[in-house]
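Trainee: Chains A and B are the protein sequences, given in the same order.
Just so you know, the first sequence maps onto residues 762 to 1504 in my numbering.
Just so you know, the second sequence maps onto residues 478 to 554 in my numbering.
These are calculated hints, taken from the structure and not from any lab test.
Please note: incorrect hints may appear among the correct ones.
[To be verified] Straight-line C-alpha distance at most 25 Å; calculated BS3-like pairs for lysine-lysine:
1. A:K1218 with B:K501
2. B:K542 with A:K1186
3. A:K886 with A:K916
4. A:K982 with B:K503
5. A:K1218 with B:K542
6. B:K542 with B:K503
7. B:K501 with A:K984
8. B:K495 with A:K1186
9. B:K494 with A:K1280
10. A:K1280 with B:K495
11. A:K982 with A:K840
12. A:K805 with A:K907
13. A:K1496 with B:K542
14. A:K1280 with B:K501
15. A:K1438 with B:K501
16. A:K1304 with A:K810
17. A:K1496 with B:K503
18. A:K1186 with B:K494
19. A:K806 with A:K923
20. A:K1218 with B:K495
21. B:K494 with A:K1011
22. A:K971 with A:K1218
23. B:K503 with A:K840
24. B:K501 with A:K982
25. A:K810 with A:K894
26. A:K1018 with A:K886
27. A:K923 with A:K840
28. B:K501 with A:K1032
29. A:K1496 with B:K501
30. A:K971 with B:K503
31. B:K495 with A:K1011
32. A:K1439 with A:K1218
33. B:K501 with A:K1439
34. B:K542 with A:K984
35. A:K1029 with A:K886
36. A:K971 with B:K501
37. A:K984 with B:K495
38. A:K799 with A:K908
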Amino acid sequence: MIRFALAGNPNCGKTTLFNTLTGSTAHVGNWPGVTVDKREGTYKKLDEKVEIVDLPGIYSLSPYTPEEVVSRNFILDEKPDCVINVVDATNLERNLYLTTQILEIDVPVVVALNMMDALEASGDKIIIDDLQKQLGVPVIGISALKKQGTDELMKRAYDAAKHSRSGSTVLENSSVSGIISKVKDALPADLESKLFHAVKLIEGDELEIKAHPEANEIAMKLKAEQPDDGFEGDYEAVVADRRYDYISRKFRSVVIKANKKGVTKSDKIDKVMTHRIWAIPIFLVIMFAVFHIVFSEDLFFMNAMGLNIANNPTAVNFFTGMGYEGLLEEAMANGEELSLGIPSLGVFLQSWMGFLTDGLGELFLSFMPEGTWYTSLVVDGIIGGVGAVASFIPQILLLFLFISIMEDSGYMARVAFIMDRAFRKFGLSGKAFIPMLMGFGCSVPAMMAARTLEDEKERDRTIRLATCFSCGAKAPIWAMLATVIAAIGSSLGFLSSIFVFLIYILGIAIAIVFALIMKLFGKNNEVPPFIMELPAYHAPQFKNLMAHLWEKLKHYVIKAATIIAASTVVLWFLSNFGWAFWQGLVDIEDSIIADIGVVLKYFFYPLGWTMGEDGWMYAVATVTGLIAKEDVVSTCEILGVSGSTLSIAGIFAFAAYNLFTLPCMAAVATAKSESTKKGFWVTLAWWFVSSYIVSFIIYWVLHCYEIAWWIGLILTAAIIAAIVISALYLARRIKRANSQATA
Amino acid sequence: MEKYLNEFAVGETGIVKKITADGKIKRRLFDMGVTPNVEILLRKVAPLGDPLEVTIRGYELSLRKSEAQNILMEVQK
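Isolated chain A (complex conformation) (with noise of 0.2 Å):
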């Protein structure tokens, strides 16, 4: 099978053209070693099947980016029978550049023209055939989204991989030809695309210079013999320039301008978009509406309007997946009237997965005997473990929905610019505020979303800062201390109605707190760059939304098949037998999940809220979280839990613990996908270590207040001079770190 390479800027319509060529055969991957996407399918309508490979979206062929240097040697090593570089043909002279570093490697190229039919929209023409000549490989104009030209680009392609190419570059009659020449006459013989690396080596590449050290000494001498009027003897900047001005000079006359200049219907949108005062409430006003959307049980506030759909069961049943019944005994039992607005969509699909699951575990229970171990492990280990992740998919892909939608428009990148300032105070830039929002919703989108932040050092970060962004399925634990605080009613009583709110900001605040430390102590201070294009605005395509949703999905139920099936069946199994489990089921009192909770209750005895009789409960119960954050309430009821033996300093430290640990088996899986492997694991130690010791001093300061209010303040008075002069200390020696390392 014969094997194409998709190459080209983001934004370029890159993945467009590959869902246009691959349809259904497409499949998502990371490429080894780093989390880039890798997509790949199969083009069928040749004589012979062809693989197309999508390189992720490039400006450049430079080491600096593992983007690039995946690509880079992707069409090196891996020698594509053809690169279609896909070039914007709105955005001309930037996409080139890239065109330019392309043809010098010894590989079949053709150029595919795309976005034509905007091109034509706006009035301009591209004369193909003097493009053709300049560049000297085919080009053919296309548009992916209309599907025009694209069978014709293969057969082109097609055409091009039977003949191989040697390199060419546009810097042939510039003042380094004489250099290049030379210094790939110095590179081995029987290396391939000489002239690539010679370039690259005068440019000062750091993988050439690593890989052909003999001939970069030549080029050193050269480069020195030579120094170029003007750049001082900077060949990256000699190289970058001559390129650019090969590309201006040559190609100018191929694009023939419409004469009207106004206003573009992009730069309307955007004048609104990124206006001064009006970018910030705009950008809160649409997140507050997809938040409302997936996750409110009221969608029209009908409830505030004295509306009510609950005297209505079968529009109840449908809403709420026939939970009518339930809804209405729980309500009877709390005295209070059962009353219903018409759910978010979110919501609605939610409660109709929970529906589908809770049937599927009836079903099997209906045929399989009652009581025994395999009947328990099918319906409440699997099915109810599993179903418990598996009714958050609709929530989690409308959250993704959302997010797609904005980057496909080009709103993200101005969430971004937005934002930046506001972040990188924090070392993070503008972007990492999407996946820190959405941790609000579901930890699992949020680590996905942090996918389009560029540096792979901040999307670790970002994916480790975002358990403190309390999600909607830790929500009812909240819920639940607020009652308990409010049981113990002592003078605090009134901290049940604040409580929810005050876990947020905790959050919130640690996350700040969180943020910094890392800065301080991350070997890379610097906050990565913010050089980036600000896209055209486009609708989304429906079709690259739903390939998308679709690879999201994918991976999401393979990884609910797997890791988390097997931890939810391990966690099945401690907390339904004895160590004796040859013996069958038993109480959870009497399992071996209750010992584990007897021992970790001495762990977890620091943080004040295992010191009563029923401290083991809350060790368990910390442990059954993990499969999913509402099974630390379910199991507090099923362990019949009163916290009458939690002080309030207990019950904050038991939030503070579930806050910030471990998330559930759902969001590990998802960190560990989306994170650097070696950050994938300081990732988890961050999140056991950090939650121990936040949960630690928040049970010891307000405990000192719960002696005596004196008590808590030297406490607290002590605990901020502490960190303000170790602050200090820290940003002492940082600054002379630096100072040396520049000196």
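Fit chain B to the given chain A structure using the hints.
Mentor: Just chain B, lined up with the frame of chain A:
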């Protein structure tokens, strides 16, 4: 008149004279088309005062002031 890009006012246009940055930032600027003799228009400043949005080679580029202070410009008109 010469000044750095971060000192430009919105709507001002200039020609790049020199890039004084190093390493990754320099390379990134080159790759995005910020090379000597190219024309740059400062279009917008983000709501919080940073980063900047410029028009260059027919597209919109965003960069921070700290990055723009590496770009020496000749002001036009």
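Trainee: If a hint holds in the structure, say so; if it doesn't, say that too.
Mentor: Consistency of the hints with the structure:
1. A:K1218 with B:K501: holds (15 Å)
2. B:K542 with A:K1186: Between K542 of chain B and K1186 of chain A the Cα gap is close to 14 Å, so the pair holds against 25 Å.
3. A:K886 with A:K916: Holds, at about 24 Å.
4. A:K982 with B:K503: holds (23 Å)
5. A:K1218 with B:K542: holds (23 Å)
6. B:K542 with B:K503: Given pair K542 of chain B, K503 of chain B holds - Cα atoms ~14 Å apart, limit 25 Å.
7. B:K501 with A:K984: holds (21 Å)
8. B:K495 with A:K1186: violated (29 Å)
9. B:K494 with A:K1280: violated (34 Å)
10. A:K1280 with B:K495: With a Cα-Cα distance of about 32 Å, the restraint between K1280 of chain A and K495 of chain B is violated, given a limit of 25 Å.
11. A:K982 with A:K840: violated (32 Å)
12. A:K805 with A:K907: Cα-Cα ~19 Å, so holds.
13. A:K1496 with B:K542: Holds. K1496 of chain A to K542 of chain B sits at ~21 Å (cutoff 25 Å).
14. A:K1280 with B:K501: holds (19 Å)
15. A:K1438 with B:K501: holds (24 Å)
16. A:K1304 with A:K810: holds (23 Å)
17. A:K1496 with B:K503: Distance ~24 Å between K1496 of chain A and K503 of chain B Cα, so the pair holds.
18. A:K1186 with B:K494: Violated, at about 31 Å.
19. A:K806 with A:K923: Answer holds: K806 of chain A to K923 of chain A is near 17 Å, not above 25 Å.
20. A:K1218 with B:K495: violated (31 Å)
21. B:K494 with A:K1011: Distance of about 22 Å is within 25 Å: holds.
22. A:K971 with A:K1218: holds (24 Å)
23. B:K503 with A:K840: Roughly 30 Å separates the two Cα atoms, so the pair is violated.
24. B:K501 with A:K982: With a Cα-Cα distance of about 24 Å, the restraint between K501 of chain B and K982 of chain A holds, given a limit of 25 Å.
25. A:K810 with A:K894: Roughly 30 Å separates the two Cα atoms, so the pair is violated.
26. A:K1018 with A:K886: holds (7 Å)
27. A:K923 with A:K840: holds (13 Å)
28. B:K501 with A:K1032: Roughly 31 Å separates the two Cα atoms, so the pair is violated.
29. A:K1496 with B:K501: Given pair K1496 of chain A, K501 of chain B holds - Cα atoms ~21 Å apart, limit 25 Å.
30. A:K971 with B:K503: holds (21 Å)
31. B:K495 with A:K1011: holds (23 Å)
32. A:K1439 with A:K1218: holds (10 Å)
33. B:K501 with A:K1439: Roughly 23 Å separates the two Cα atoms, so the pair holds.
34. B:K542 with A:K984: Cα-Cα ~32 Å, so violated.
35. A:K1029 with A:K886: Judged against 25 Å, a Cα distance of about 24 Å means the pair holds.
36. A:K971 with B:K501: Cα-Cα ~18 Å, so holds.
37. A:K984 with B:K495: holds (20 Å)
38. A:K799 with A:K908: holds (23 Å)
Of the numbered hints listed earlier, those contradicted by the structure are 8, 9, 10, 11, 18, 20, 23, 25, 28 and 34.
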